[in-house]
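Could you put the whole structure together from the sequences, leaning on the hints where they help?
Residue numbers (our numbering), protein chains in the order written: chain A, 136 to 424; chain B, 3 to 318.
Because the hints were derived from the structure by calculation, they are not lab data.
Don't be surprised by glycine CBs; every beta carbon is placed ideally from N, CA and C.
Heads up, a few of these hints could be off.
To be verified - Mimicking DSSO-like on lysine-lysine, the simulated pairs with C-alpha atoms at most 30 Å apart in a straight line are:
1) B:7 - A:210
2) B:178 - B:137
3) B:77 - A:421
Unchecked claim - Computed spacing ranges between beta-carbons, pair by pair:
4) B:13 - A:409: 24 to 34 Å
5) B:231 - A:343: 37 to 47 Å
6) B:112 - A:420: 50 to 60 Å
7) A:253 - B:126: 47 to 57 Å
What follows is the residue order along each chain.
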Amino acid sequence: MTAVFLKELRSYFRGPIGYVFIGMMFLVISFYYIVYTMYYQFADYYYVLDASVGLIMFIFPVLTMRIMSEEMKTKTDQILLTSPVKTSGIVLGKFFAAEAVFLIVILLTLIQPLVTLVHFKGVMNSAFTFGGYLAFFLLGTAFIAIGMFISSLTENQLIAAVITIVIFMLMNLSNGLYNVFPSSRYFSLGALIVALIIILFLIYRAIHEVIITGIVGVVSLLILLVTFFIVPTAFDGLLVNILKEFSVFERFGDIFTGVFELNHVVFFLSVIVFFLFLTYQEVEKKRWS
Amino acid sequence: MIEVKHLTKRYGDHLALDDISFTVEDGEIVGFLGPNGAGKSTTMNIITGYLSSTEGEVKVGGVDVLENPIEAKKKIGYLPEVPPLYVDMTVQEYLDFACDLKGVPAANKPDTIEQVCKLTKISDVRKRLIRNLSKGYRQRVGLAQALVGNPEVLILDEPTVGLDPKQIIEVRDLIKNLSKKHTILLSSHILQEVQAVCDKLVIINHGRIVAIDTPEALSRNILQINKLELRIKGPKNAILQGIQDIDGVVTAEIVRIREEGTVDIRVETDDETDVRGEIFQFCARENYPIYMMRTDEINLEDIFLQVTGEREARRR
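Structural data, given as structure tokens:
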């Protein structure tokens, strides 16, 4: 893992990618620092971090789009996968290298709250600032994990970047989206059936077995319908609640404003681990297809 | 050293490998021969653990590649069809990374790199970016990477493709040299290349093995037609008539006239008859000096075409 980690980290700074990422991130954050701290005189740094997220999500694909795709395209994955290294080591090495570049950004921004403290003699709520950084760190890490998985799906970096941006935008939009959906039980049922169809399609693509996919589909549908007729109240507002549970940005906002709950952190960690696991599966799957 | 048993690989409906079995003994150089798309690279990718087989098993040094991939991969140095090079690195950085990947202890790294560079003759480009290297050098850097960690088995997928004739000879010599310490499986679609270096040939076509044997045995077994080429000084019609009258000669024809007063004749005989003695006696009797006599050079091209063609015909 160390070998892959060091190689990746060096490769970020051998070309422009590392510098571009760090520079753009710093630029966006500094812009909001000027607006919030210097102009509006808000001492608390979390305003800056919170505001910058809307733009920063467009910068992350710079870091993640090439992680897996480039090696597939140039076939350099052959030296990695035929060396005595575990696939998990390769995936984690690459992940931690991107993470390290992100950490450089975080370290650089630390100057700004320090300047606020010392120069502007601002009074800062340390819990808010810490919460802001924690949320920022967790969200960025989740972005990296998700972007890395998307990169493992295609050999084309550009496609990876575009898909990543679209997904991040959807995630951001879904933040307020659940308020728009009706909370009626029929709507929830319909949405779940649509979700089931999508999942079945993905299962079919992965295993290419009509019968197994069919059985899974019929059984899931039966369970769904039976539950619906026995306890219809369970479906009231179900969709809204599910969306709320899975809303990355909603939890992000909570941590930001100092509502520090362990389950938020656990949620982010689960998202990160889940996408790392998917990436690992995708790399392994290629060998079998 | 390498045992491949009943290997089958399916890509969807396409059968890329169909029940392939062969072994490579310790210290042998085995040539893996077949036209493009025959399944050579797929087989090699499975042996090295890059791909998984649909059915069958592969053991390298007694270790199953699927069950214990890390141990098996430690024994293998692999040069894929496209050398897996990071073009933004220098040769030195790349080999350094290869050492790390293959678990070469930090203390041995400088020596290891020195050694593989010397073997593959890339010492003079160590500080250059791989991006700026010529194809021949890139190929050799790929080979150097495969040699890192001194693996017992070397798997080389078309190692001389894209090289100029001088480089081909160099790489061929290098492979011969390496075979003293390594077991080598090497693929090619060029016959002369494997003929020159290999102890054994595995010929593959459409995902099936069509023949396994030594290059010599393959030539003996398969080519049965006796063909001679002669250059004799004397009157051409008399010579032709005389040769045609010899027992066992099926056809004799004048091919060309190269030297003043001589004639070049191609003679085909029965499979089992050797008429070289009779021809000599005939010419001595008539006092026609023989300037040249040679059997047709049998090359693997013929064997290959014959073997694959025959199977092809049989299947139809």
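Next item on the list: Starting from the range 37 to 47 Å, see whether the pair residue 231 of chain B and residue 343 of chain A falls in it by beta-carbon distance.
Entry: violated, 58 Å
Item checked: CB-CB spacing for residue 409 of chain A and residue 13 of chain B relative to the 24 to 34 Å hint -> holds, 29 Å
Checklist line | Given pair status - residue 137 of chain B, residue 178 of chain B, alpha carbons within 30 Å | finding: holds, 21 Å
Notebook entry, point to check: residue 7 of chain B and residue 210 of chain A: Cα distance at most 30 Å?
Noted result: Distance of about 27 Å is within 30 Å: holds.
Next item on the list: Compare the distance between the alpha carbons of residue 77 of chain B and residue 421 of chain A with 30 Å, and conclude whether the hinted pair is satisfied.
Entry: holds, 23 Å
Item checked: Outcome for the supplied range 47 to 57 Å, where the beta carbon pair is residue 253 of chain A and residue 126 of chain B -> holds, 55 Å
Checklist line | Consistency of beta-carbon spacing, residue 420 of chain A to residue 112 of chain B, with hint 50 to 60 Å | finding: violated, 39 Å
The structure is inconsistent with the numbered hints 5, 6, although it conforms to all the rest.
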